[in-house]
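There are 4 protein chains.
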Amino acid sequence: MSSTFGKAFRLTTWGESHGPEIGGVIDGCPANLKIDVDAIQHQLSRRRPGQSKLTTPRDEKDQVIFVSGLQDNVTTGTPLAFRILNTNAKPSDYSNAASIYRPSHADFTYEKKYGIRSSSGGGRASARETAVRVAAGSIAEQLLARHGVQIVAWVEKVHTIRAVAAEFPTRNAVDANAVRCPSVEVAEEMSRAILEAKKIGDSLGGVIAAAVTGAPAGWGEPVFDKLEADLAKAMMSLPAVKGFEVGSGFSSTDLKGSEHNDPFAVKDGATVTTSNFSGGIQGGISNGMPITMRVAFKPTATIMQKQSSVDEQGNEVTLQPKGRHDPCVVPRAVPIVEAMTALVLADHYLRQLRHRNRPAGETP
Amino acid sequence: MSSTFGKAFRLTTWGESHGPEIGGVIDGCPANLKIDVDAIQHQLSRRRPGQSKLTTPRDEKDQVIFVSGLQDNVTTGTPLAFRILNTNAKPSDYSNAASIYRPSHADFTYEKKYGIRSSSGGGRASARETAVRVAAGSIAEQLLARHGVQIVAWVEKVHTIRAVAAEFPTRNAVDANAVRCPSVEVAEEMSRAILEAKKIGDSLGGVIAAAVTGAPAGWGEPVFDKLEADLAKAMMSLPAVKGFEVGSGFSSTDLKGSEHNDPFAVKDGATVTTSNFSGGIQGGISNGMPITMRVAFKPTATIMQKQSSVDEQGNEVTLQPKGRHDPCVVPRAVPIVEAMTALVLADHYLRQLRHRNRPAGETP
Amino acid sequence: MSSTFGKAFRLTTWGESHGPEIGGVIDGCPANLKIDVDAIQHQLSRRRPGQSKLTTPRDEKDQVIFVSGLQDNVTTGTPLAFRILNTNAKPSDYSNAASIYRPSHADFTYEKKYGIRSSSGGGRASARETAVRVAAGSIAEQLLARHGVQIVAWVEKVHTIRAVAAEFPTRNAVDANAVRCPSVEVAEEMSRAILEAKKIGDSLGGVIAAAVTGAPAGWGEPVFDKLEADLAKAMMSLPAVKGFEVGSGFSSTDLKGSEHNDPFAVKDGATVTTSNFSGGIQGGISNGMPITMRVAFKPTATIMQKQSSVDEQGNEVTLQPKGRHDPCVVPRAVPIVEAMTALVLADHYLRQLRHRNRPAGETP
Amino acid sequence: MSSTFGKAFRLTTWGESHGPEIGGVIDGCPANLKIDVDAIQHQLSRRRPGQSKLTTPRDEKDQVIFVSGLQDNVTTGTPLAFRILNTNAKPSDYSNAASIYRPSHADFTYEKKYGIRSSSGGGRASARETAVRVAAGSIAEQLLARHGVQIVAWVEKVHTIRAVAAEFPTRNAVDANAVRCPSVEVAEEMSRAILEAKKIGDSLGGVIAAAVTGAPAGWGEPVFDKLEADLAKAMMSLPAVKGFEVGSGFSSTDLKGSEHNDPFAVKDGATVTTSNFSGGIQGGISNGMPITMRVAFKPTATIMQKQSSVDEQGNEVTLQPKGRHDPCVVPRAVPIVEAMTALVLADHYLRQLRHRNRPAGETP
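Chains as they are written, first to last, in the working numbering: chain S, 127 to 490; chain X, 127 to 490; chain R, 127 to 490; chain U, 127 to 490.
Derived by calculation from the structure, the hints in this document are not laboratory data. It cannot be assumed that every hint is accurate.
Identical copies go unnamed one by one, so any copy, or any two together, can satisfy a pair.
[What the hints assert, rightly or not] Computed list of lysine to aspartate or glutamate pairs in DMTMM-like fashion (alpha-carbon distance at most 20 angstroms, straight line):
| no. | residue 1 | residue 2 |
| --- | --- | --- |
| 1 | LYS179 | GLU237 |
| 2 | LYS160 | ASP198 |
| 3 | LYS160 | GLU237 |
| 4 | LYS393 | GLU237 |
| 5 | LYS382 | GLU315 |
| 6 | LYS448 | GLU385 |
| 7 | LYS393 | GLU442 |
| 8 | LYS432 | ASP164 |
| 9 | LYS179 | GLU385 |
| 10 | LYS325 | ASP380 |
| 11 | LYS393 | ASP164 |
| 12 | LYS382 | ASP198 |
| 13 | LYS382 | GLU314 |
| 14 | LYS325 | GLU385 |
All values derive from a computational prediction rather than experimental measurement.
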């Protein structure tokens with residue numbers, strides 16, 4: 127059941143990095159939703175490896191193929207299943223390292239958990255599976271867009287270089303450079319740092335910020351499925367993520383309650399807050415203000431340097447670098463963060479449909 | 127379904143701060159587990175309000191009453207249900223504020239979600255419900271202890287005051303002072319800051335760190351129910367939590383891959399890592415090293431100062447302070463973090479029981 | 127998780143026949159529903175033992191006590207928890223038989239499953255737990271009634287005596303006699319048979335029929351959660367149930383397709399079927415016609431006659447009759463069948479709320 | 127979520143009768159299980175249309191293609207996904223009837239539920255989707271076989287012709303004739319009846335019996351997930367099923383408790399029952415005796431005769447027969463009943479792995 131995400135808008139995924147395909151099936155997408163397949167492909171192309179010199183040269187077309195649940199690109203209410211072929215798998219790249227546990231990868235833990243693991247590449251642990259999340263997230267996003275909800279994510283920090291945005295950027299502004307940092311000058315600095323790391327076979331991490339605008343008050347369910355709890359789970363289930371913050375996050379602890387509380391006020395007839403340390407969520411439920419969060423990605427575990435490790439037979443060995451690597455996954459992770467945000471919000475949009483008691487006689 | 131947590135070790139809770147009781151039912155606790163009720167009460171007393179001058183004077187005995195699933199304190203495999211009475215509810219404390227949305231509380235969002243909310247206190251949104259989590263978490267902890275798993279949490283930061291621990295403290299060391307910070311000198315400084323805030327009717331937040339030792343490699347399920355994802359959800363579902371980190375967390379982004387990767391080595395015949403930036407989890411699965419995390423709690427929303435707000439009729443008003451308040455919830459939140467950790471680990475302990483194919487003929 | 131029923135309208139139950147109480151918590155009941163507690167008590171009184179000379183003399187008041195989720199009898203959207211005290215438990219009645227497995231009871235299987243079982247009475251396996259289902263089912267029924275859905279069940283067969291109803295009876299007609307068979311003459315014959323069985327310490331089974339009117343077309347979810355599949359699970363989860371039919375049931379096999387198909391026609395502007403062998407469900411989804419079903423209850427396992435059995439030590443022994451017994455549970459099971467029907471339909475009512483794509487901009 | 131079945135051994139399916147493929151993904155199958163793909167194909171060939179003159183001429187190869195979770199035919203613990211191509215779809219067969227609701231099909235109810243339905247054939251409602259169940263069920267069966275559990279189903283009744291088996295047949299005996307009724311003479315009579323119905327464009331239903339041997343005591347979970355409740359749901363979720371019985375079923379009502387109770391006795395050192403009216407299940411938990419059940423299938427709704435119906439515009443019309451039809455699905459449904467039985471038992475096998483408290487220190 128751990129390959130299923132969501133309760134009302136449910137995504138189940140499969141596939142390994144070096145098998146023939148990856149895929150997913152969405153159960154619970156409302157019927158009669160017109161799907162824009164180009165929009166899905168666009169998000170996939172933003173996640174795709176090989177899109178710039180900052181990323182791994184592994185090149186996947188990532189064409190989404192629908193096999194169920196669509197008729198003339200309109201959802202029928204039945205399971206929406208789709209496949210994405212693995213066209214560029216090169217198992218041989220990984221063969222000599224197959225018996226050595228790569229540091230900070232999942233080789234060792236998969237072996238311990240299952241007593242067996244895929245003989246090449248990351249198998250199911252590879253970030254390859256996130257392509258399915260991006261495709262499904264794009265569908266969720268299209269459902270949300272009908273109701274005025276917009277999601278944007280961007281790179282806020284690479285290694286020790288941080289950009290501070292005065293306001294939420296547009297996706298176009300985010301995509302104006304390969305780093306996906308809307309601050310042009312900082313982006314160039316980040317780009318240089320990534321290329322420098324690449325040159326020496328090293329890797330960098332970073333922080334992605336995200337914002338949701340247009341979500342109404344009332345989404346999220348106490349006490350365990352609070353909106354921030356589901357967002358946290360969504361992000362922390364991504365490969366390489368080590369931290370999550372909503373609203374003021376860890377920096378909230380530097381403030382006093384009198385500084386941190388968000389006063390209510392009336393604006394254009396609506397109840398709003400005049401600050402947004404809450405990040406748009408109070409008591410686990412959206413309050414109508416922008417939902418804001420941050421996600422920390424560690425530096426990629428795959429590096430092109432010698433490392434100390436242990437092999438399957440329990441011998442201490444030196445791992446020789448081989449294969450392809452992504453010096454910094456953060457730019458490619460932007461659409462993934464957007465996708466996970468969309469999956470959580472679409473789920474809570476649907477869940478909220480049944481919380482208010484309907485007028486007598488109104489039946490679905 | 128949002129009041130249920132866990133898939134194999136499942137806790138469902140109910141109750142509001144000013145109703146007659148709160149309670150919980152655990153479905154999935156293995157049979158024949160001897161329950162130490164005193165140990166549950168001990169954890170409840172650590173969470174209890176009124177335990178020191180640092181906390182709210184609201185005083186609840188928090189006696190756990192089992193009504194199902196136990197025979198002579200041994201689990202029978204059937205649902206383990208328990209109640210905790212609300213003995214000190216004072217609805218009148220809240221009456222004059224009933225129609226005003228308290229800033230950074232859940233009054234407004236509950237109203238928007240359900241079209242109705244409890245007329246006094248926080249109702250279901252009150253941190254009162256965490257007592258049920260603590261009781262259930264203690265049972266989970268007892269199940270885990272049989273298998274050598276130990277959990278400890280402690281206060282690492284209050285407001286801007288941070289303690290740095292060289293190693294994991296014992297619970298005794300944590301409880302040596304009312305702040306629950308094992309560093310004695312820093313604890314005193316934190317205590318002064320909390321009392322100072324209390325004096326001016328203000329509040330402080332802080333960071334709790336936690337560590338799990340003795341968990342074997344193999345717990346946690348890719349790709350969505352990664353161990354850190356479930357821990358993140360557990361913590362972010364707590365009232366007032368704004369951030370979560372596993373292992374190196376946000377600080378991982380300051381390192382390069384060559385610095386951050388955890389090399390494998392052999393120690394006493396076992397495969398270990400010589401650093402633990404991973405926080406004991408790789409690819410969502412425990413690797414046998416200590417599991418480490420951090421949780422950020424915002425400053426309590428209830429303060430004894432005037433605040434700007436809006437009432438139910440949409441008028442901008444000033445909220446007058448009244449009632450009781452907790453100047454810093456972090457010391458009391460220590461057993462709550464331990465409880466949520468235990469619930470997640472007990473769940474994954476049980477889930478892992480069925481992942482390896484059993485020998486032919488071995489049936490349960 | 128096996129003590130939870132439903133996906134959107136979710137009931138979780140606890141309690142054993144000889145513990146202090148039984149109880150339940152409903153998660154997912156919409157807010158702002160006015161609860162008629164008398165209506166709940168009325169259904170509980172119909173299920174209650176000791177209500178007539180046809181039933182066990184064990185007498186339970188079965189007063190429902192709400193402890194969460196209600197304010198002035200209106201639902202708040204938070205978990206609706208309630209307790210029912212066990213006021214007439216007599217563990218001593220069962221003591222001498224404690225070590226002997228009662229034939230066709232669950233003593234042996236609980237022992238094998240859990241390695242432990244309650245030392246007296248049926249524990250969790252007792253039909254006592256169905257009181258919780260009846261209370262929860264009454265709430266579900268009140269939610270459904272707002273939308274014009276009516277449920278009625280009645281006794282169709284006791285032992286070999288069968289009544290044939292020309293049309294669906296009212297609940298008043300059902301309750302006109304203690305057997306709850308709307309055919310007065312057949313009811314008297316059934317009553318005599320039950321009293322005769324009681325006299326010789328034997329027991330009888332029977333069949334309960336049920337009908338749902340007013341449910342709109344569109345409820346039920348393919349392919350696994352078909353409406354009849356969830357109804358079947360609901361009924362087969364009741365103690366003593368051995369069979370379930372929807373619509374024409376087993377007798378459908380005696381007909382040819384040309385005889386069994388339900389032709390569509392137009393009546394008062396609506397599409398209806400001119401026969402109803404389908405029992406109101408096609409492809410797992412309601413079609414707007416009455417939903418009809420039948421449930422078979424075996425003769426009660428508790429009899430007042432000597433029986434061959436085995437004790438916990440593996441010795442063949444003779445079980446001596448002792449305690450109280452219910453010569454025929456079928457009359458008391460009528461409100462239980464109604465309750466399980468209501469739980470299934472309320473669940474699918476809520477689930478259907480999210481299947482159609484809402485107009486752009488319409489958010490909950 | 128309605129396209130997912132099971133809690134520990136979870137199957138999620140997708141696909142429509144006239145799309146490019148159908149498929150499924152199993153989450154929770156233990157690692158290191160060697161899969162016999164031929165055995166899967168064998169069960170698929172038993173379900174396959176076109177296998178004899180008794181069935182529809184629609185001919186599907188039904189080759190299962192694994193795309194995830196297998197390495198050298200051994201399970202890796204990750205999701206086991208597979209596809210089955212639709213090679214013989216002929217949408218044009220259905221075109222003229224597209225706007226008319228076929229009697230006792232799901233056209234009308236899908237339209238009412240989703241506001242849209244597939245324009246040809248049964249779409250998701252077609253029995254085509256059961257091929258996925260058969261493939262998944264075969265995998266479940268292979269897991270169960272390792273632990274000595276055997277499943278067999280056979281045709282007991284076609285139209286009014288009933289066979290009475292003295293003992294459980296082997297699969298070979300079942301497959302000795304095209305009807306899959308182990309009683310040779312009765313099978314011939316059934317065969318003639320089916321061919322006679324086919325000739326006049328009519329259809330017949332029937333009853334399938336099934337038995338499970340070798341299942342240990344202890345499987346099944348009270349109170350809602352009783353083994354018979356999950357089996358009932360499994361069978362009632364199949365297209366065309368109208369009734370389900372476990373053990374004595376509806377005929378239990380003809381007996382008194384003293385006749386129907388199953389006495390315990392000791393045989394070869396084990397506790398057994400000397401009769402088996404319980405059908406191997408007591409209190410929802412297996413008792414080690416054979417698990418027996420019966421499933422009623424209505425006569426196929428597709429017939430080659432004129433029928434009264436209504437079209438999408440609400441006009442009463444006559445439906446002209448066209449296309450292919452299956453005069454009696456019962457013989458082909460035998461492996462489907464076996465598959466659903468296997469899915470339920472594999473689920474409960476895995477669930478039972480965590481019910482007993484493990485020895486201190488024993489961790490998975």
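Structure-based check of all given hints:
no., hint, verdict
1, LYS179 to GLU237, "neither (34 angstroms within a copy, 50 angstroms between copies)"
2, LYS160 to ASP198, "within (9 angstroms within a copy, 41 angstroms between copies)"
3, LYS160 to GLU237, "between (43 angstroms within a copy, 17 angstroms between copies)"
4, LYS393 to GLU237, "between (57 angstroms within a copy, 18 angstroms between copies)"
5, LYS382 to GLU315, "between (35 angstroms within a copy, 16 angstroms between copies)"
6, LYS448 to GLU385, "between (52 angstroms within a copy, 19 angstroms between copies)"
7, LYS393 to GLU442, "between (65 angstroms within a copy, 10 angstroms between copies)"
8, LYS432 to ASP164, "neither (42 angstroms within a copy, 45 angstroms between copies)"
9, LYS179 to GLU385, "neither (44 angstroms within a copy, 23 angstroms between copies)"
10, LYS325 to ASP380, "between (39 angstroms within a copy, 18 angstroms between copies)"
11, LYS393 to ASP164, "neither (38 angstroms within a copy, 46 angstroms between copies)"
12, LYS382 to ASP198, "neither (56 angstroms within a copy, 37 angstroms between copies)"
13, LYS382 to GLU314, "between (37 angstroms within a copy, 19 angstroms between copies)"
14, LYS325 to GLU385, "between (45 angstroms within a copy, 16 angstroms between copies)"
Violation of the numbered hints given earlier is confined to hints 1, 8, 9, 11 and 12; the remaining hints are satisfied by the structure.
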